[in-house]
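Protein sequences appear in the order of chains Y and P.
Using our numbering, you'd call the opening residue of the first sequence number 28 and step up by one each time.
Using our numbering, you'd call the opening residue of the second sequence number 1049 and step up by one each time.
The set of hints was computed from the structure by calculation and includes no laboratory data.
Built from N, CA and C at the ideal position, the CB exists for glycine as well.
Misleading hints may appear alongside valid ones.
Said to hold, decoys possible - To list a few chain P residues with every Cβ distance to chain Y over 12 Å, as calculated:
| hint | residue |
| --- | --- |
| 1 | ASN1097 |
| 2 | PHE1099 |
| 3 | ALA1113 |
| 4 | ALA1215 |
Stated by the list, open to error - On the chain Y side, residues computed to face chain P include the following (Cβ under 8 Å):
| hint | residue |
| --- | --- |
| 5 | TRP136 |
| 6 | GLU255 |
| 7 | MET282 |
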Amino acid sequence: MSKKLLSAPYLFWSVMFILIPLGMVFYYGFTDKTGAFTLDNIIAITTAEHSKALWEALKLSFISTLICFLLAYPLALILSSRNVKQNSFLILIFILPMWMNFLLRTLAWQTLLEKTGVINSILKFLNLPTLNIINKPEAIVLGMVYNFLPFMVLPLYNVLVKIDKNVINAARDLGANSVQTFFKIIFPLSLPGVFSGITMVFVPALTTFVISNILGGSKILLIGNVIEQEFTQTGNWHLGSGLSIVLMVFIIINMVISALTDKDGEAQGL
Amino acid sequence: MIKTTAQKIYTFLIFVFLYAPIVTLMVLSFNASKTRAKWGGFSLKWYKNLFRNEAILQALWNTLAIAFLSALIATVIGTIACISINSMKKRNRAVIMGITNIPMLNAEIVTGISLMLLFISLGIKFGFTTILLSHITFNIPYVILSVMPRMKQLNPSTYEAALDLGASHTVAFFKVVFPDILPGILSGFLMAFTMSLDDFIITYFTKGPGVDTLSTKIYTEVRKGIKPEMYALSTIIFVSVLVLLLLSNYSPKDKKKV
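Bound conformation, chain Y alone:
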């Protein structure tokens, strides 16, 4: 009986600071300044400016998630095939960058990518064509991939390292070549990690406003930038909340897809 009471502080906390605040976003999103019910703030997503920002955010975050996946999978395979002692150190190396402030790391890419920046100086020295992507969508994608790559590597590594080596050996014994073993055994078994990695990269990439601000030269507006401006500059909380609700729909769709494919019902990734 006393054990039930122990959850009281947390229950209070989660109602007070998780559920009620979310309820307030919905309240503001579905009302206008006079407090009357309206759908205008939701429908506002269809205006040219907002739908362009949403489409741009969806496009860039999709591309970034795909690149993260393509870069992270081989890496996770390599890491999971090494011996265990070396591993914890290698994994550490991929988490370590997170201890340098994320804004500063993103800002450093500005220095690297600038027209007269470090990368272009090296390219010029080697007589190669220079790279001109700063303040363009490509730079934002690079920033997203850079910041969220560890979130793809870790869940993938966690599932790959748990795959029973005997299953792989059995497949080889039964005559499968390495390509067949990969597509029939390793990849299907790693799917929970794949989905949790995709969620962990796609959601922050879709909703970011910082990366697009720093690397997009504030010329490219993503849906995150629009919402941020509604709250900090324009001061239209109703519209900002309405657009946030639209954003949450995409997050929920992504989560439902992951949940449906994750049959065990337990996120095995992280």
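With chain Y fixed as given, assemble chain P onto it according to the hints.
Leaving out everything else, chain P in the frame of chain Y:
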């Protein structure tokens, strides 16, 4: 042979990609010139200036205090909650774990604005307290998710045995249960501390004027130009974490040898 070489090259390239900006920042911290575009020779002046820059030191203090307090409070609330969640019926447990997952799966910007709307309607003054409350909120799930697996592995008989042998509930908890779940509690605390330290978005929406953490301070400086003292500070932080990690990674091996 070719395969392992290719693997090494690939790992190395990703490694370069991850560390290029960090090396850049470290180099910039020794740059005598104030702009990022030019190299003006080697200098330690930003490191000297750093300890005289009250604004940055204040932001550093705020960041560390919020990270420590929020991680500590979240660890206490989260661990206590785990004890009770573990003994709940399956359905109640599923509901609570569902709510726990919300801050982790939801977009940070939505969590940030939702808390901002709450604090406004409650009339709480924006500042240290609002940042702390928000950080505790997003830290609790990390603690619960790290303590819960340990809790499930516990053998309930040992706790009952302690009670049978005359221990009170509190004594039995601290003597029997606590030592077993301690690794989970510690890693939950560390995770919470790190998350709080690196957070920008939620802090940005719940901070008040005049109160800054390192992240929000850097963000306001992005437009005006970052003060090079910031590079010096982040280099110091990064190197100290690196040294700590290397020490903790190598010390257990030494103990085994002895």
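Evaluated hints:
no., hint, in the structure
1, ASN1097, "holds, 17 Å"
2, PHE1099, "holds, 19 Å"
3, ALA1113, "holds, 17 Å"
4, ALA1215, "holds, 15 Å"
5, TRP136, "holds, 6 Å"
6, GLU255, "holds, 7 Å"
7, MET282, "holds, 6 Å"
In this structure, none of the earlier numbered hints is contradicted; all agree with it.
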